[in-house]
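**Q** Each chain, written out:
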Amino acid sequence: MRRLAWLLLLAALLLEVPAAAVLAASTHRADLRPSYAKDGLLVVLAIGSDKGPPHRPGDPLRGNADGVHLIAVDTVAKRATIVDFPRDAWIGGDKVTHYLRLGGPEALEGQLEAYTGIPIDFHAVTTFAGIERIVDGMGGVDVVVDLPMSDPFSGSSFAPGPQRLSGPQALAYLRDRYSLPAGDFDRARHHGDMLRFAQAQVRTRQADLPTLVALTALFTRNTVTNMPPAELLQLAVLATQIDPANVAQVPLGGAVGTVDGASVVHLAPGDTFERIRAGQVGP
Amino acid sequence: MRCPCARRSVAVLCAVALWLPACSSPAATPEPAAAATPRRTARGPVSPTASLTADPASPAAPATHGGAAHDGAAPASPATATASVPPPAPPVPFSLVVDHIEIRPLSNAGIVGHAVPPIDEQSVVGAVEGARAALQRYLDAQFVDEGARFTAAPLEALLTPGAAALLTEDGRAALGQLAAPPASADGGAAVASAQVLVDAATVRWVALTYEAPITLRTTVPAEPAVQRGTLVFVAADDGWRAQAADVTLDRSETP
Numbered sequence: 001m002r003r004l005a006w007l008l009l010l011a012a013l014l015l016e017v018p019a020a021a022v023l024a025a026s027t028h029r030a031d032l033r034p035s036y037a038k039d040g041l042l043v044v045l046a047i048g049s050d051k052g053p054p055h056r057p058g059d060p061l062r063g064n065a066d067g068v069h070l071i072a073v074d075t076v077a078k079r080a081t082i083v084d085f086p087r088d089a090w091i092g093g094d095k096v097t098h099y100l101r102l103g104g105p106e107a108l109e110g111q112l113e114a115y116t117g118i119p120i121d122f123h124a125v126t127t128f129a130g131i132e133r134i135v136d137g138m139g140g141v142d143v144v145v146d147l148p149m150s151d152p153f154s155g156s157s158f159a160p161g162p163q164r165l166s167g168p169q170a171l172a173y174l175r176d177r178y179s180l181p182a183g184d185f186d187r188a189r190h191h192g193d194m195l196r197f198a199q200a201q202v203r204t205r206q207a208d209l210p211t212l213v214a215l216t217a218l219f220t221r222n223t224v225t226n227m228p229p230a231e232l233l234q235l236a237v238l239a240t241q242i243d244p245a246n247v248a249q250v251p252l253g254g255a256v257g258t259v260d261g262a263s264v265v266h267l268a269p270g271d272t273f274e275r276i277r278a279g280q281v282g283p
Numbered sequence: 001m002r003c004p005c006a007r008r009s010v011a012v013l014c015a016v017a018l019w020l021p022a023c024s025s026p027a028a029t030p031e032p033a034a035a036a037t038p039r040r041t042a043r044g045p046v047s048p049t050a051s052l053t054a055d056p057a058s059p060a061a062p063a064t065h066g067g068a069a070h071d072g073a074a075p076a077s078p079a080t081a082t083a084s085v086p087p088p089a090p091p092v093p094f095s096l097v098v099d100h101i102e103i104r105p106l107s108n109a110g111i112v113g114h115a116v117p118p119i120d121e122q123s124v125v126g127a128v129e130g131a132r133a134a135l136q137r138y139l140d141a142q143f144v145d146e147g148a149r150f151t152a153a154p155l156e157a158l159l160t161p162g163a164a165a166l167l168t169e170d171g172r173a174a175l176g177q178l179a180a181p182p183a184s185a186d187g188g189a190a191v192a193s194a195q196v197l198v199d200a201a202t203v204r205w206v207a208l209t210y211e212a213p214i215t216l217r218t219t220v221p222a223e224p225a226v227q228r229g230t231l232v233f234v235a236a237d238d239g240w241r242a243q244a245a246d247v248t249l250d251r252s253e254t255p
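For the record, the sequence lines run as chains A and B.
Taken in order, the first sequence gives residues 1 to 283; the numbers are from our numbering.
Taken in order, the second sequence gives residues 1 to 255; the numbers are from our numbering.
Bear in mind the hints are in silico, worked out from the structure with no lab data behind them.
Beta carbons are placed, not taken as given, at the ideal position from N, Cα and C, and that holds for glycine.
Treat each hint with caution, since some may be false.
[Unchecked claim] Taking beta-carbon pairs under 8 Å as the criterion, some of the chain A residues facing chain B (in silico): (1) His28; (2) Leu32; (3) Pro34; (4) Lys38; (5) Gly52; (6) Pro53; (7) His55; (8) Arg56; (9) Asp59; (10) Val213; (11) Ala214; (12) Asn222; (13) Val224; (14) Leu233; (15) Ala268; (16) Asp271.
Could you put the whole structure together from the sequences, leaning on the hints where they help?
**A** Here it is as structure tokens:
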């Protein structure tokens with residue numbers, strides 16, 4: 001009886017083999033990431049303050065704005081334009097860098113809205129320490145250094161080429177203007193470059209949901225922003241949805257002059273602002 | 001043309017029926033379904049202050065369901081082996097344990113030079129338990145509960161309207177709304193880790209990254225499957241709902 005049972009078991013297993021052969025593994029995936037939804041253009045003002053502990057104690061919202069960038073995003077077409085302002089840009093009767101110190105991010109925002117005619121939705125201010133922590137929290141940022149940089153004041157020491165910068169290295173890269181041929185124009189462009197490099201990295205390497213959640217916290221912790229907390233994750237998702245090839249960067253140039261003995265830049269923005277106002281963003 | 005599943009089922013049933021009388025120990029006859037289910041016994045590092053246990057209302061890991069012969073927890077009653085196929089056992093619900101909590105502060109007080117407000121750990125623990133309970137409710141409703149399982153209702157109760165609006169056919173299948181549903185399913189011992197985004201006492205998000213073993217009872221032996229991924233919960237008026245999801249359902253076999 002036992003032998004018969006084993007024979008039948010063997011037969012069953014033999015029948016099982018062809019049955020299993022026609023069965024295949026399968027994977028289904030639910031990837032549900034609501035992105036920030038806004039009809040028309042989303043415009044964010046990114047500000048780098050020269051104040052804030054521990055590097056320069058004081059209120060970062062009352063420092064000079066060493067970095068001033070408008071980031072205009074078409075949330076539907078997933079395209080963006082980053083406009084880099086040199087800190088000495090003469091706008092509204094003063095250098096653009098001074099408005100943060102004079103009236104906080106709202107004052108700077110107001111001046112830029114009046115000058116460009118572009119409504120700004122949100123601002124985000126960070127500091128030297130904020131930049132270091134964000135970059136370190138990302139595990140470094142992969143950049144392509146375009147010019148040799150060596151400046152004891154900022155601590156920069158970079159050969160041209162691709163490299164991964166730590167937080168302190170990224171800060172040095174962003175602060176250096178003395179070793180760059182175009183001075184503050186190159187520095188402002190490097191700020192915009194860093195925004196592009198960071199966005200590309202998040203999209204290509206750090207867009208998985210757990211990492212995106214962690215990056216949302218990292219950003220929130222290291223900026224002062226009026227972005228609604230409930231929408232921060234959607235904004236992070238939006239950042240991952242933009243192909244870096246669809247991001248244009250416009251470093252503003254202009255004529256260098258003096259006003260009351262101070263060096264200023266009279267901007268020559270061309271049609272940059274008209275295009276953004278018309279919703280034409282991206283390359 | 002006969003379905004290969006049917007052929008396979010009949011063959012295996014015959015074998016089991018004829019093999020049973022030859023066995024002397026009932027403890028050596030694991031239910032085929034559970035025997036095929038990988039049992040998760042290893043856990044990640046558990047922080048004494050961060051670990052949460054399963055909802056007491058939920059059964060613990062199915063120690064006596066399937067695999068009983070492997071963990072030595074077989075019932076003592078000496079069940080007599082018979083040649084008949086036993087009636088199907090009632091579906092086993094999931095047990096879900098959060099074995100690791102990572103707190104991610106949101107306060108930016110540090111960069112403006114203010115003292116960083118302390119995190120309210122009770123809020124964190126309460127939020128994690130709320131999200132854990134929401135995930136467990138979904139898992140049980142989606143895969144175990146007769147009447148709701150494999151339908152759209154549990155997954156739509158899980159998601160915010162914004163997330164639900166993004167559902168595709170494949171996404172629905174990943175979340176358990178199966179086009180060709182099995183007769184039933186058993187839950188297993190699911191494990192999650194949590195990221196909690198908290199601003200002092202206000203928890204904004206709880207992201208649960210989890211793995212939930214499932215036994216789909218379509219065939220004999222039953223089909224092991226695993227749902228794993230991340231759900232990002234936010235507090236809604238009616239409890240915690242998933243605002244974002246990246247979840248897969250891996251099935252070993254597709255009829």
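**Q** Find the hints from earlier in the document that the structure breaks and name them by number, from lowest to highest.
**A** 4, 7, 8, 15, 16
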